[in-house]
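**Student:** Once you've looked at the hints, dock chain L against the given chain B.
If you're matching them up, the sequences are chains B and L in order.
When the letters of the first sequence are read in order and numbered with this note's numbering, they come out as residues 312 to 1058.
When the letters of the second sequence are read in order and numbered with this note's numbering, they come out as residues 312 to 1058.
Hints may contain errors.
Identical chains blur together in the list; that is why a pair holds if it fits in one copy or across any two.
[As the list claims (entries may be wrong)] No farther apart than 30 Å at their CA atoms in a straight line, the calculated lysine-lysine pairs in the DSSO-like style are these:
1) K912 with K757
2) K585 with K429
3) K429 with K537
4) K388 with K573
5) K793 with K898
6) K954 with K1056
7) K894 with K793
8) K894 with K940
9) K772 with K358
10) K912 with K793
11) K920 with K757
12) K732 with K358
13) K732 with K975
These are computed hints drawn from the structure, not numbers from a lab.
Since the model is a prediction, treat every value here as computed from it, not as a measurement.
In case you want the letters, here they are:
2 protein chains.
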Amino acid sequence: MKRTFLRVVVVLFVSSAMFAQSLSLGDSRIMGFTSSGAADQRALEAKFDSGLNAGNLREWMKRLSLRPHHVGSKYDKENAEFIASLYKSWGFDTQIERFDVLFPTPKTRLVEMTAPEKFTMKLVEPPVTGDESSKQQKEQLPTYNAYSVDGDVTGPVVYVNYGRPEDFETLERNGIDLKGKIALSRYGGAWRGIKPKVAAEHGMIACIIYSDPRDDGYFQGDVYPKGAYRNENGVQRGSVMDMPLYPGDPLTKNVGATKDAKRLDRRNAETLTKIPVLPVSYSDAQPLLRNLDGAVVPPAWRGALPLTYHFGGSSPTVHLKLAFNWDIKPIYDVIAKLKGSERPDEWIIRGNHHDAWVNGADDPISGQVAMLEEARNIGMLAKSGWKPKRTIVYCSWDGEEEGLLGSTEWVEAHADELTRKAAVYINTDSNGRGFLGIGGSHTLEKFANEVSRGVADPETKMSVWQRSRAQQFVNGNAEERKELAERQDLRIDALGSGSDFTPFLQHLGIASMNIGFGGEDGGGSYHSIYDSFEHYTRFGDPNFQYGVTLAMVCGHSVLRLANADTLPFEFSNFADTIGTYVKEVTKLTDTMREETNELNKSIADGSLKAVQDPTKTFVMPTPKGDVPKLDFEPLHRALKRLKESAADYQTASAGRIAPAGVQKQLDEILINTERSLTDNAGLPRRDWFRHQIYAPGFYTGYGVKTLPGVREAIEQRNWNEASEQIRVVSRTLENFADEIDRAAKIY
Amino acid sequence: MKRTFLRVVVVLFVSSAMFAQSLSLGDSRIMGFTSSGAADQRALEAKFDSGLNAGNLREWMKRLSLRPHHVGSKYDKENAEFIASLYKSWGFDTQIERFDVLFPTPKTRLVEMTAPEKFTMKLVEPPVTGDESSKQQKEQLPTYNAYSVDGDVTGPVVYVNYGRPEDFETLERNGIDLKGKIALSRYGGAWRGIKPKVAAEHGMIACIIYSDPRDDGYFQGDVYPKGAYRNENGVQRGSVMDMPLYPGDPLTKNVGATKDAKRLDRRNAETLTKIPVLPVSYSDAQPLLRNLDGAVVPPAWRGALPLTYHFGGSSPTVHLKLAFNWDIKPIYDVIAKLKGSERPDEWIIRGNHHDAWVNGADDPISGQVAMLEEARNIGMLAKSGWKPKRTIVYCSWDGEEEGLLGSTEWVEAHADELTRKAAVYINTDSNGRGFLGIGGSHTLEKFANEVSRGVADPETKMSVWQRSRAQQFVNGNAEERKELAERQDLRIDALGSGSDFTPFLQHLGIASMNIGFGGEDGGGSYHSIYDSFEHYTRFGDPNFQYGVTLAMVCGHSVLRLANADTLPFEFSNFADTIGTYVKEVTKLTDTMREETNELNKSIADGSLKAVQDPTKTFVMPTPKGDVPKLDFEPLHRALKRLKESAADYQTASAGRIAPAGVQKQLDEILINTERSLTDNAGLPRRDWFRHQIYAPGFYTGYGVKTLPGVREAIEQRNWNEASEQIRVVSRTLENFADEIDRAAKIY
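So that you can see chain B by itself, here it is in the shape it has in the complex (with noise of 0.2 Å):
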């Protein structure tokens, strides 16, 4: 569901750091284990890595990708019933778990210009040659963005760029009325969801998001079937719920949709949208742009239609009208479970989401298909005798598309056992040639680092790690690569969301990682009919290497994980990065202070207005209140607390491993320290979200916010909540330090 990959831009000039062109194991130890211990279980991965066959990758994708396979179709549950078949021959105690949710596919889908001109729109992507499945059209669901309301309006049509918060400040300026409008937006910037709900705070009647060529069209590169990238009819389905507020089964926040759940009446699910949305593609929506009136748009606005971009405001007039099936969908997770020798209670999870909006090769089979056979191979292990320290367990999830509605739903259900059981969630999602690229808990950081420095890529036999590094190093800026050159480990990214990891992470604390590769696999597939077999094994990862690789960096992480004496949790890289955080905070409100005063000072003064061309209209903004100082010393305080007791378990953990008789011991208080980095009241106005390091953004959807309570209230400028949020994060920035210093106490 998420990209997380962009297009690399390879610059020149890179640093003078030394990239050894060999692959470089590591040193002998592994994290967790000790040193004999290490060394079985680096011929452990030796004999995984050997199994790993490419071959099953394809064939599995051409399968699970042949039909269209989404939420309450037919081939969804085929699939889900023909990967539970290949866990259960592979050893794993399999189960398919059902759940029930709310989703609405299309009945009346119109839009039609009504003036100046008369234009109705296709919305439809046809077959294309050479690509098989693109002709499954009876099958395929039609574009449409769910969750959705119903609607029939008309109304004048405003350009709205990407529907963002600062867009439509944009708007305000250039004195366009809102009020009873029909937004079109063109897709990208911020999530899709993200528009719709900006749009009806600003009174907006309803929402049609379009795919501009300038972001995944023409100029980006040739078309499909020419090239990778989207063409003039492809359109991108998705989500429109209000993930951030909540994601799953609109009906049934907070528990699992099973058949007997309480479920909410829909006109009282908060997540869906407030207005009708509808996605299009450009040869449907170029004639609603070339009839735009008013003022141009500002250059950052413009796409790349041959035409000039124009706010709209006036003309075109648009109808609408969307009418949805408001059907209750079963959805199948396929859990499938290698019970642990030792500690059978510590669960190592590791998901990927099998469900598509089409036939979904690259989404999300491209990822499944890597993770199968990963699982198989840790199945043949097994199967040769191995048993792992802990609870494996793999999860097919069913309606990530939706809303993450079948992880949502399985770790609802199952909220306490994780709770008391699930030590870490690995995430994957697609993947395609390229880069290594790592989001997750910086508790796991130097973990991760340490796994990717022993996997080979496969292009240039340098491990993935230094690839990963020599990229950073090429793209950086000075500051950048003076990092790179001083700190050991490279920074893995805070997650957000947009993948099955946030249920774990952000609803219960369960420490999480995002892997996968990408950046050499660009294209404009995503979400439509075009993501095909046909289309992946031409662009991106055609013979399979990278999903091997990306096999190779999950097993490592799984098996270690499972494995280690001790879980290889690490605090002085959280401690680090926890601090680049508030210094963050800091200094935006000394940003917003100044850009504030400057603001004020220039309406004040006049010079704001002196420079505006007297012929075009811009809206003098209002002058906004003061920033105040805010008082940051109680999460100084926590830091240094924080910094202090990451330190102390360093010495402590330092080239030992606790005693074998507190291992299981000293494992419950790690798996403990994220679930302390949450806090059951949730966040202000979205209490499902209880990270307090981690969540996705209000206004940003997928992107994350980093210490969200904080930084969102200052961003909104509600300077009480945002001291408050101060003293809730430094508490539970303490609580968590408490956690390390008892584990410190093991040793």
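**Tutor:** Using the frame of chain B, we list chain L on its own:
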């Protein structure tokens, strides 16, 4: 000919500096005047202002742009005669000076794509509704680039972006073979003459230059006649003479192209292009672009046409045939003098060209009519009894568009007299609605600030200086805002080339300024048949209020320069400016050294190779030679000396006027200061350019290079020459300081 203004991007946050709403008249003093003299001068300027009449500008523009009036046309001569009659009627001693120059016009223009499809370019700008002058097709010059050589070539096309040296570096990295290929370049990024020059250096056999709608077409705004921007058929004519070598008639370098002047054989003229060149519209270029093969170009290379931009290399194949009439044609400069009463041998020279590519309402008539109204009012003042101390010379140049022909030949023909007499040259060219822009000698920076503080902006009623400052604040970064808050004067730009100041400033060392308004007059009529009265009065400066304001700024400048007791030169701003240039060239070597080291290491350690996509062609760069530590000490010493001398002059001249008996002697020294910035040997490999501080870049064309001898040697990695040029420039600055010291001693 030159376009000075970028469109203004008005960002939201501006600095805290105060902008008074009312027009400040500065303090009561005026540079070079006594207190009572200043009061008289202000009264004189008020009288001047009161006579200005926007109606005259409109009437003259209508008259002068009525028919095409390029060099050699009947209407060009008629315009010269009309202008001369005006000057005469206002009491100026007026002459038309004729020169005979090489002026090629097209005989044959054929561009056809021969494979993979057949297509022949139209090469025609059609008339548009509502624009009468666009219908004068029989009199219009065809679309072409003057001083392209003849040629008849066939070859595959390569897209070269803007055709700058750095673009060719990218082509090399991407493994594109250029020998025997035809360059397809878009307009923009550098002066047009650079494109065929660099293409020829790389073995290419022809150059086609098209106007991409990204740069001045529908991407920027609605196209003509609906809006101001270039439509699908608009073509930018223009000279491609190698002006950075020397401007003016290619056959008479260094001497006036009089009837009997000794002329080079055309085959020996260095400033003709090496390969044939032709400008085309994007409707003519699009079929070629659509058929380019090879890899996709980098994002910054992509224009706004609805296609994927590729490098090309094998497809398409194009046949280009060009032949020109290589005629000698007469040009007509109009020279109008008003003799000085006290110091007739000190000349204040004012100029603007009158020739155009076609009708040229904007370029150059918008500036020409402002200058005429300025001259008319000065004539009126003279008729009413006032007399300037110094001689005022108004010049309406011909042949500017082809290569500053009229001004260069006049300057070369009168070099000795001008070297003795010329005090200051003030140039204008196209003018439009918006913000004041001034470039020029920094010895006049303080004077330019003083004058512009006293002229009201017609839209805001604040001074044009204040509005310009507000613009710099609003668009500036933190550092720029800090400087604006701390520095008394706004910086004026250094002058490169692109208009008639070049022979005055850079060949003879006459202190010069170039003045114009713009930024609210965007459009794409430049050098096309659509640069018409109709276009200008809709999109340029519809009621000529900025034409009148330009007449005020230039009129006040001329009146003060002509009347002052001593010339208002000042040296501390100059010294400060030189300080910034010295810092820049020093930093340039440091940056190059760092980048060279990083590049070489990234080649040696394999990291640059590691980040490349192995499925794409990437030619590894060869390691570059080390960047030595140049000895900038002579330059630093000269700068120190210069600052001291400037401070001494400031002390000596502060608050007083030199005694009447020595004023003429002081003037002569002051006039000589700019001469002392020249070196008769000229710049390396281009001896026509003698100024050591300002020159057009050898590889930028119009774009200025300050301290050009030093800076370009560094850029070209010619370290010996760089060291030598450091000594040359240092000596020049020491000589300049000597002149200032002499001036200071007069007081």
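**Student:** All hints, please: hold or fail.
**Tutor:** Verification of the supplied hints:
| no. | hint | result |
| --- | --- | --- |
| 1 | K912 with K757 | between (47 Å within a copy, 28 Å between copies) |
| 2 | K585 with K429 | within (28 Å within a copy, 54 Å between copies) |
| 3 | K429 with K537 | between (32 Å within a copy, 22 Å between copies) |
| 4 | K388 with K573 | within (25 Å within a copy, 92 Å between copies) |
| 5 | K793 with K898 | both (21 Å within a copy, 20 Å between copies) |
| 6 | K954 with K1056 | within (16 Å within a copy, 68 Å between copies) |
| 7 | K894 with K793 | both (18 Å within a copy, 24 Å between copies) |
| 8 | K894 with K940 | within (14 Å within a copy, 38 Å between copies) |
| 9 | K772 with K358 | within (19 Å within a copy, 81 Å between copies) |
| 10 | K912 with K793 | between (38 Å within a copy, 15 Å between copies) |
| 11 | K920 with K757 | between (52 Å within a copy, 27 Å between copies) |
| 12 | K732 with K358 | within (28 Å within a copy, 91 Å between copies) |
| 13 | K732 with K975 | within (12 Å within a copy, 97 Å between copies) |
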